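Asks: All chains should be built: construct the whole structure from the sequences, respecting the hints.
As they're listed, the protein sequences go chains W and F. Going by our numbering, the residue at position 183 of the first sequence is 183; the numbering climbs one at a time, nothing skipped. Going by our numbering, the residue at position 198 of the second sequence is 198; the numbering climbs one at a time, nothing skipped.
Just so you know, the hints here were simulated from the structure itself, not pulled from any lab data. Check each hint, because a few of them may be wrong.
If chains are identical, the list can't say which one is meant, so a pair holds when it fits in one copy or spans any two.
[As the list claims (entries may be wrong)] DSSO-like mimics (lysine-lysine), calculated; alpha carbons at most 30 angstroms apart, straight line:
1. 47 - 33
2. 173 - 185
3. 67 - 212
4. 44 - 15
5. 173 - 44
6. 195 - 15
7. 74 - 185
8. 24 - 212
9. 162 - 7
10. 173 - 47
As the structure is a computational prediction, the values presented were derived from the model and not from experiment.
There are 2 protein chains.
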Amino acid sequence: MSVVYRKIPKQGLNKQEFEQELRKIGEERYHDKHPFHHLLHGGKLNKGQVQAWALNRYCYQSAIPRKDANILAKTTDVGLRREWRHRIEDHDGTETAPGGIERWLVLAEGLGLERDYVMSTRGALPATRFACEAYVNFTRNMPLLDAIASSLTELFAAEIHKTRIAGFLDHYKFANDQTLAYFRKRLDQAPRDVKFGLAYVLREADDGEKQKRVMDAVMFKTDMLWTQLDALYHAYVEPGHIPPGAFMPEDRRPA
Amino acid sequence: MSVVYRKIPKQGLNKQEFEQELRKIGEERYHDKHPFHHLLHGGKLNKGQVQAWALNRYCYQSAIPRKDANILAKTTDVGLRREWRHRIEDHDGTETAPGGIERWLVLAEGLGLERDYVMSTRGALPATRFACEAYVNFTRNMPLLDAIASSLTELFAAEIHKTRIAGFLDHYKFANDQTLAYFRKRLDQAPRDVKFGLAYVLREADDGEKQKRVMDAVMFKTDMLWTQLDALYHAYVEPGHIPPGAFMPEDRRPA
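Replies: As structure tokens, then:
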């Protein structure tokens, strides 16, 4: 995919042009283009491989409220914190209503994994852990604008969730309303998040330097998502070199 | 390689036993066991692949003085800081004597890479950057003992440097006294570092809990080294999926 980016002038692009540039990053770099996802959504992975995906991706899921807490900690704007706070609740849930992390564990259990093993992240690939921690650190160390911008990959996520739900239902026995609840729920939740985050960035990135920082933040994020799939592909697809200590799949039957 | 670790009792192992446990980590997990290194040292990689290795490994080389500075910043012990400080000088050099980072750049240039491109780390794999930053963050966030222990992979490094020098001279045209100066110099420098670091850890890790932390720190470090080679293998050997934006080798001739 060869995408040509506009040169960003010193005074910045107008909002419409800038949004187009942001969307180009998705076209070029979002992980829906990664061969691992093609295999996953096309029903080409066996149960052990899907287990590996689910338990590694748990690291990412469980990092999300921590990165959102870093964003809350960065701003003195009560309104912004109040708006952003629901993201933490979406993932952590309440005493009575499970959140996204719990839904992810239900998916993992539906794949035959032990909840405690998944939560321990003991079997996750080191590359996954480094990538997820890089995301948490990015939101801790960078300015508020950059930290918020790093969430904008949500712009590209609706399509992948739909493809995934359809592909899973078509191809895998483990797929049902319970195990896929995480993705269905995100289809409801994400549009609100996308709308807010995009409006924030289009408003606040009001010169070329800030727009460049936003572009870099979104590319950082697409890199960290892509890296996780590279690591899964290397360990569990081809050539299948599992690093010392990581999850060893046993079940090669269809998922 | 299946290594059986001793259970560490609450009061800790004696020094000799504990050192044996540390050395087992090397036997099981040090990156001299990684298939990428077998290809590299055996002359099986073409020039573009060796270039990819050199420019990615530059990220690691250039992270070393930053992790050492984090270690200095952690201790109020002037003697320890004085002893540890020479590591920074080893890598950064002085006004008149080049350091390890400069020697690495000479190697990269000997492979036909542009110095500025290498130093920018623009072409490095995101996985490399995440792993190297994880190392710098580890030394920033963990206690002094753990931070020092994460350097102990030096225990296992002498052999790999010797194998590398011999393998490079046997197989690659770019290998000569200048391009290999980094590795020869490390053969002189490392024994002092190893001796000090090992003695420090054997003395300070005086109960089971601290010994366990030291083991974890060394495993963290072997993981971050291994991850870098997994990423190189995936991108540049098999299946050869280069992530968006990373270095694209052009030269498939022998190195």
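Asks: One pair to classify: residue 173 and residue 47, alpha carbons no more than 30 angstroms apart. Within, between, both, or neither?
Replies: The answer is within: 10 angstroms in one copy meets 30 angstroms, while 46 angstroms across copies does not.
Asks: Within a copy, between copies, both or neither: where do residue 24 and residue 212 come within 30 angstroms Cα-Cα?
Replies: within (14 angstroms within a copy, 47 angstroms between copies)
Asks: Is the C-alpha distance from residue 44 to residue 15 at most 30 angstroms within one copy, between copies, in both cases, or in neither?
Replies: Classified as neither: same-chain Cα gap 41 angstroms, cross-chain 51 angstroms, threshold 30 angstroms.
Asks: Quick one: residue 173 to residue 44, C-alpha cut-off 30 angstroms, is that within a copy, between copies, both, or neither?
Replies: This pair counts as within: shortest intra-copy Cα distance 13 angstroms, inter-copy 43 angstroms.
Asks: Within a copy, between copies, both or neither: where do residue 195 and residue 15 come within 30 angstroms Cα-Cα?
Replies: The answer is within: 14 angstroms in one copy meets 30 angstroms, while 59 angstroms across copies does not.
Asks: Within a copy, between copies, both or neither: which one fits residue 67 and residue 212 at a CA-CA cutoff of 30 angstroms?
Replies: both (21 angstroms within a copy, 29 angstroms between copies)
Asks: Reference check for the pair residue 162 and residue 7, CA-CA at most 30 angstroms: within, between, both, or neither?
Replies: Neither. Shortest intra-copy (33 angstroms) and inter-copy (48 angstroms) distances fail the 30 angstroms Cα cut-off.
Asks: Regarding residue 47 and residue 33, is the shortest C-alpha distance of 30 angstroms or less found within a copy, between copies, in both, or in neither?
Replies: both (22 angstroms within a copy, 29 angstroms between copies)
Asks: Within, between, both or neither: how does the pair residue 173, residue 185 come out at a Cα-Cα threshold of 30 angstroms?
Replies: within (20 angstroms within a copy, 58 angstroms between copies)
Asks: State whether the alpha carbon distance between residue 74 and residue 185 is at most 30 angstroms within one copy, between copies, both, or neither.
Replies: Close inside one copy (28 angstroms), not across copies (45 angstroms); limit 30 angstroms.
Violated hints, listed in ascending order, are 4 and 9; each of the other numbered hints is respected by the structure.
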